[in-house]
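Which chain is which? The protein sequence lines are A and W, in order.
Using numbering that gives the first Met the number 0, the letters of the first sequence map in sequence onto residues 0 to 240.
Using numbering that gives the first Met the number 0, the letters of the second sequence map in sequence onto residues 0 to 107.
Hints should not be assumed to be uniformly reliable.
Unchecked claim - Label pairs and their computed distance ranges (CB to CB):
no., chain 1, residue 1, chain 2, residue 2, range
1, W, Thr4, A, His130, 46 to 56 angstroms
2, A, Gly16, W, Leu33, 27 to 37 angstroms
3, A, Thr154, W, Leu83, 26 to 36 angstroms
4, W, Ala82, A, Ala225, 18 to 28 angstroms
5, W, Ile92, A, Leu214, 28 to 38 angstroms
6, W, Gln63, A, Arg102, 25 to 35 angstroms
7, A, Ala74, W, Leu83, 32 to 42 angstroms
8, W, Pro35, A, Asp126, 20 to 30 angstroms
9, W, Val11, A, Glu234, 36 to 46 angstroms
10, W, Pro87, A, Ala20, 15 to 25 angstroms
11, A, Leu214, W, Arg39, 21 to 31 angstroms
12, A, Tyr161, W, Ile92, 16 to 26 angstroms
13, W, Arg30, A, Ser10, 23 to 33 angstroms
Said to hold, decoys possible - Which bits of chain A does chain W cover? Going by a derived footprint, with three or more residues having C-beta under 8 angstroms, they are:
no., segment
14, 39-50
15, 63-69
16, 170-178
Calculated directly from the structure, the hints in this document are not laboratory data.
Ideal Cβ placement from N, Cα and C applies to all residues, glycine included.
As a plain string of letters, each chain reads:
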Amino acid sequence: MSRTRPIFTASFRAGAGEGFATFLPLSVGLVPWALVMGMAMTSAGFTPLQAMGMNIIVFAGTAQLGTLPLIAGEAPLWLIVATALALNLRFVIFSAAIAPGFRGVAMPKRWLAGHLLTDGVFATCLDKMLHTDDPHWRLGYYLAPAVWSWALWQTFALVGIYAAGFIPKQWSLEFMATIALIVLLVPMARVRPMLVAALVGGASATLLRNMPLRLGVVVAIVAGIAAGFAAEHWEHKAKGR
Amino acid sequence: MNYDTSLWLIFVLIGLATTLPRAGFIVLGSRVALPPVLQRALRYAPAAALAAIVAPDVLVVGGQIEPLNPKLAAAGVAVAAAALSRNPWLPFIAGMAVLLGLRHWLGA
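With the rest of the complex left out, here is chain W (with noise of 0.2 angstroms):
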């Protein structure tokens, strides 16, 4: 795929979507604070984005819900791996290997 100059204006803006949360409270130090209630509730906005986007990705073939696919099965052996081992590597290494060797093994 190719891209156009309007790539970089993406770059900047998640740039400052990316400092700004960073930077706000450092840089303003102690004069604000935030509402307890709403630190508490943000605490779970990253967990969820990261599903929101993984899920679909694994779980749709085609535009259809398919329980059974080679993305499904490779990304629950790198949860296995992510939640059992310390190794950083791990993950990546046994997830490939799976969705690689079934999508060989289907001949897909």
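Chain A extracted, bound-state conformation (with noise of 0.2 angstroms):
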């Protein structure tokens, strides 16, 4: 018996290297936003311990940036909760549809797999996952594009967290969180039914914003997903007609 631990087979080396090479050249993509989530956490008055801890901790661009503003300006704890989970509802529909890709590893393999999954590696391995049969060539394929998005994510969140502290603050650098957040929500307003969902999220948001507790942030998000579904209803029915 070989002492090598099972989970580096050579059909897990293979796997890895598809995944990676896949990988590698959408990954470039994370850097900005790595940089952009470390000059964010800079900027809300996190000390470098801090933000690293934030980063290593949550890992999830979109939850760190929609909470952060949150943070900072003491809202309650359960709405930073509520409006973490709201961001991140995604990852149950991505996570049931890549589930399937795991059958066969084993439960801390999963765990692991569950962290580190995001929009890209998930859009990455899907397709691949699903229709491979070695268990062993599956978590390859899915693992190194994972880990070396951990990689990217906390090197240039480092890199960021330092950067900042170099730039003046009359450069409103905590504006780039926010264009990071316009970044992620156009690609998906391109579908209309999405469009109204944040449109009436946003407006409803803007309108309810002396709501105690912050509580028109939520009652934004459940009319906003409220008023996407309404919307995809109707454009079912008039495609019917």
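Reassemble the complex: the two chains are provided individually, in unrelated frames, and hints are given to aid placement.
What follows is the structure, encoded as structure tokens:
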């Protein structure tokens, strides 16, 4: 028996090589994100230790950027957590979609894989994960891009954290976080019902901004979901006619 | 601003609110499935949540809705850059240039 851990079998390495090669060009897009994330956390007043702590514990650009203004504005804890949940809900769907790709994979590795699930990794790996039999190959194909994303994210967030210290406050770097949220939102809103959900969510949050405990944000999210869902229904009906 | 140790509690809770939705179905495997109606409705949560955070930030100045302000103009340019270009840096460069340029020009 070889002493090598069974996870690093030849087929795992083959899958890892192929997954990494597919993902590498896409992963460049993570760099500006991670830099902005580091700068935004510093602008919110986090020490480098706090910022890296958040980056490692949370590991989710959208949830981090989205909760940052709430944390800085001393919003109640439940609202911060509810907002993070709302921003992560898409991963429930991603997780359900990619889950069959982990058949034959042991539990601890599944937790690791779940923690490392990102939009880019999901989009890259889904197809091959569902249509390959060898569980070692599949796990390699998933974990190589996932771990690479993690390493890029941590490295460039750290660069951003220290870069922010050299930039004067009048430059309003915290606005980079708002732009980052916009960059996430724009491709979603290309589909009509999604655009409706965003418009209703944004308008409601603006009009309800004076609700106590910042409840307006939650009401706005629910209103946005309902509006998007309704728009989808009407679109279907209009097409059916 | 200074934060106390409760900041770490916030991180852990946001971390749970992040890892559980992601790992849930991967860990549970095929034993459970979400009702299709709920799955379809949940797809709209991220767009609604993102807009609910961004819109007040760029529309409200000092508690009042201001349809003409440098942040909103910068956000508009960032939207256009993100929609029309595949360069991942452009929305940041163009948005920040408009924000800082307008503020400088308005003398604020």
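Hints and how they fare:
At about 48 angstroms, the beta-carbon gap between Thr4(W) and His130(A) stays in the expected band of 46 to 56 angstroms. Separated by about 34 angstroms at the C-beta atoms, Gly16(A) and Leu33(W) satisfy the suggested range of 27 to 37 angstroms. A beta carbon spacing of about 30 angstroms between Thr154(A) and Leu83(W) agrees with the range 26 to 36 angstroms that was offered as a hint. Look at Ala82(W) against Ala225(A): about 25 angstroms separates their beta carbons, and that is inside 18 to 28 angstroms.
In this structure, Ile92(W) and Leu214(A) meet the distance hint of 28 to 38 angstroms, their C-beta atoms being roughly 36 angstroms apart. A hinted range of 25 to 35 angstroms for the beta carbons of Gln63(W) and Arg102(A) is inconsistent with their spacing of about 56 angstroms. The hinted window of 32 to 42 angstroms between Ala74(A) and Leu83(W) holds, with their beta carbons roughly 34 angstroms apart. Taken as a hint, the range 20 to 30 angstroms holds for the pair Pro35(W) and Asp126(A), whose Cβ atoms sit roughly 21 angstroms apart.
Separated by about 41 angstroms at the C-beta atoms, Val11(W) and Glu234(A) satisfy the suggested range of 36 to 46 angstroms. Look at Pro87(W) against Ala20(A): about 20 angstroms separates their beta carbons, and that is inside 15 to 25 angstroms. Our hint of 21 to 31 angstroms for Leu214(A) and Arg39(W) holds, since their Cβ atoms are close to 26 angstroms apart. Distance hint for Tyr161(A) and Ile92(W): a CB-CB separation of about 21 angstroms, consistent with the stated range 16 to 26 angstroms.
Between Arg30(W) and Ser10(A) the Cβ separation comes to about 27 angstroms, which falls inside the hinted range of 23 to 33 angstroms. Here's how the segment 39-50 of chain A fares: 4 of its residues keep a CB closer than 8 angstroms to some CB of chain W, so the rule of at least three is met and the hint holds. For the segment 63-69 of chain A, the assignment as covered by chain W holds, since 4 residues bring a beta-carbon within under 8 angstroms of that chain's beta-carbons and 3 suffice. Coverage of the segment 170-178 of chain A by chain W holds. Counting CB-CB distances below 8 angstroms, 6 residues qualify, and the rule asks for three or more.
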